[in-house]
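Mapping of the sequence shown onto the numbering used here: position 85 corresponds to residue 85, and the numbering continues sequentially without gaps.
These are computed hints drawn from the structure, not numbers from a lab. Each hint should be verified, as a subset may be incorrect.
As the list claims (entries may be wrong) - Restraint-style ranges between C-beta atoms, simulated for each label pair:
#1 Asp33 - Ser79: 15 to 25 Å
#2 Glu145 - Glu26: 44 to 54 Å
#3 Asp50 - Leu123: 34 to 44 Å
#4 Glu114 - Ala24: 35 to 45 Å
Heads up, the beta-carbon is just placed ideally off N, CA and C, and yes, glycines get one too.
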Amino acid sequence: PPVFDELTGREQLEYYGRLRDIPATEMETRIADWLDRFGLTDDADKRIDDYSKGMRQKIGLIQALLHEPDVVFLDEPTSGLDPRAARTVIDVIADLTDDGHTVFLSTHILSVVEELADVVGVLYEGDLVTEGAPAELTARMEAEEGTTLEDVFLSVTAERGPAASESAPGNAGDATARQDGRVEDDGRIEDR
Numbered sequence: 001p002p003v004f005d006e007l008t009g010r011e012q013l014e015y016y017g018r019l020r021d022i023p024a025t026e027m028e029t030r031i032a033d034w035l036d037r038f039g040l041t042d043d044a045d046k047r048i049d050d051y052s053k054g055m056r057q058k059i060g061l062i063q064a065l066l067h068e069p070d071v072v073f074l075d076e077p078t079s080g081l082d083p084r085a086a087r088t089v090i091d092v093i094a095d096l097t098d099d100g101h102t103v104f105l106s107t108h109i110l111s112v113v114e115e116l117a118d119v120v121g122v123l124y125e126g127d128l129v130t131e132g133a134p135a136e137l138t139a140r141m142e143a144e145e146g147t148t149l150e151d152v153f154l155s156v157t158a159e160r161g162p163a164a165s166e167s168a169p170g171n172a173g174d175a176t177a178r179q180d181g182r183v184e185d186d187g188r189i190e191d192r
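Make a model of the complete structure from these sequences and hints.
Here it is, written out as structure tokens:
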């Protein structure tokens, strides 16, 4: 989400909370809790233009979560964060899903995907080349124990030419990613 450099972190969050019609006392509590969780309490009243990239990222994430959405889309949420802050984000995502929220996570950090995802879809050159639970995807490889999602990704994207998106290796013939982005499963074509 966009942040305004001339505002403080707290002002940015209050502005967004008002846009989302969060009652004032509830908004103050939520903001204080999120700032504390992300270690930004001491910097909350500093202007955003003085923030590091990681601090801006945290404010943007808090802003996205402040109104407690049922569905959250996160694109590379740990990008630009130090390991401690990245762990906080990962824990927040896990807590959201434990609380019944749906999180769509786009990331190149496959260890995060292995830790958090219930279902994984691998996109390559704009096509869905395989999908399934992490354990299911690694089992499809029929490889030795210890196969990772990175191994799956490398396998399903290896030497893919224009016609290769018709059938994804590792799917054992049970599903086919089509050029139009739909998935053919046992002869049925479904939008996913």
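The hint says 15 to 25 Å between Asp33 and Ser79; measuring C-beta to C-beta, is that right? 24 Å, holds
Quick check: does the Cβ-Cβ distance between Asp50 and Leu123 fall within 34 to 44 Å? 37 Å, holds
Range hint 35 to 45 Å: satisfied by the CB atoms of Glu114 and Ala24? 41 Å, holds
Can the suggested window of 44 to 54 Å be confirmed for the beta-carbon pair Glu145 and Glu26? 49 Å Cβ-Cβ, so the 44 to 54 Å window holds.
Comparing the model with each earlier hint shows no violations; every hint is respected.
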